[in-house]
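S.K.: Here is how the chains run, residue by residue.
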Amino acid sequence: QQQVRQSSQSLTVWEGETAILNCSYENSAFDYFPWYQQFPGEGPALLIAIRSVSDKKEDGRFTIFFNKREKNLSLHIKDSQPGDSATYFCAASASSGSWQLIFGSGTQLTVMP
Amino acid sequence: AQTIHQWPVAEIKAVGSPLSLGCTIKGKSSPNLYWYWQATGGTLQQLFYSITVGQVESVVQLNLSASRPKDDQFILSTEKLLLSHSGFYLCAWSLLRDTETLYFGSGTRLTVL
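These protein sequence lines map, in sequence, to chains A and B.
My numbering numbers the first residue of the first sequence as 453 and each following residue consecutively.
My numbering numbers the first residue of the second sequence as 3 and each following residue consecutively.
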């Protein structure tokens with residue numbers, strides 16, 4: 453059973469639109485949720501992260517909305533650019549004594565010019 | 003200068019042959035080190051982690067082993083490759099406990115024929 457689930461394998465938006473990538477999780481012990489961005493042939497890079505004590509985290513064009521009760525979160529990319537085309541991984545970890553970061557299956561975002 | 007260096011960049015190996023992949027971290031004292039595996043188009047699966055020299059913990063069993071012979075070096079190996087070992091191997095490091103922020107290398111693409 454997938455502990456971290458990303459509902460869309462792929463998403464296509466037009467330049468300037470807001471891309472919304474969804475993620476849900478199973479384990480109530482998860483309290484840290486990073487999003488990683490990966491370009492083809494490269495390792496993933498941390499984009500933005502949120503802790504479960506917050507319901508929103510914003511960094512420039514990127515915003516995470518977090519719903520602890522529903523165990524889901526979403527990444528909003530405002531004013532999408534072709535350079536944002538990449539695979540986005542939602543991940544989760546439990547800060548108490550865990551060394552494991554669980555990744556979702558990824559959403560491949562394509563931004564059309 | 004690159005903080006994390008993985009070698010080789012790519013490998014094509016025969017089933018049953020041995021494998022050794024390496025990762026070196028520059029300029030960071032006593033980092034936590036991780037090995038991840040990514041199937042083509044797939045999610046990232048944590049394989050091993052190490053918080054100190056000589057100590058490696060296994061997360062999943064994939065007929066692979068890992069060692070940390072020096073503070074800045076992490077080695078992934080097997081004596082006998084399987085077809086299922088094909089994929090993208092990523093080394094990562096973190097400074098803080100509990101995988102707060104992982105910094106990934108550029109990976110090694112392994113093809114087993």
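No wet-lab data here; the hints were simulated from the structure.
None of these values were measured; they are calculated from a predicted model.
Wrong hints could be hidden among the right ones.
What the hints assert, rightly or not - Only pairs whose alpha carbons sit at most 20 Å apart, straight line, appear in this in silico SDA-like list of lysine to any residue:
| id | chain 1 | residue 1 | chain 2 | residue 2 |
| --- | --- | --- | --- | --- |
| 1 | A | K508 | B | K15 |
| 2 | B | K30 | A | L498 |
| 3 | B | K15 | B | L115 |
| 4 | B | K28 | A | A497 |
| 5 | A | K509 | B | T103 |
| 6 | A | K508 | B | K30 |
S.K.: Decide, hint by hint, whether the structure agrees.
M.R.: Verification of the supplied hints:
1. K508/A to K15/B: Violated, because 46 Å separates the two Cα atoms, which is more than 20 Å.
2. K30/B to L498/A: Holds - the C-alpha atoms of L498/A and K30/B are around 18 Å apart, at most 20 Å.
3. K15/B to L115/B: Measuring from Cα to Cα gives roughly 6 Å; hence the hint holds.
4. K28/B to A497/A: It holds: about 18 Å lies between the C-alpha atoms, which stays within 20 Å.
5. K509/A to T103/B: holds (16 Å)
6. K508/A to K30/B: The hint is violated at about 32 Å.
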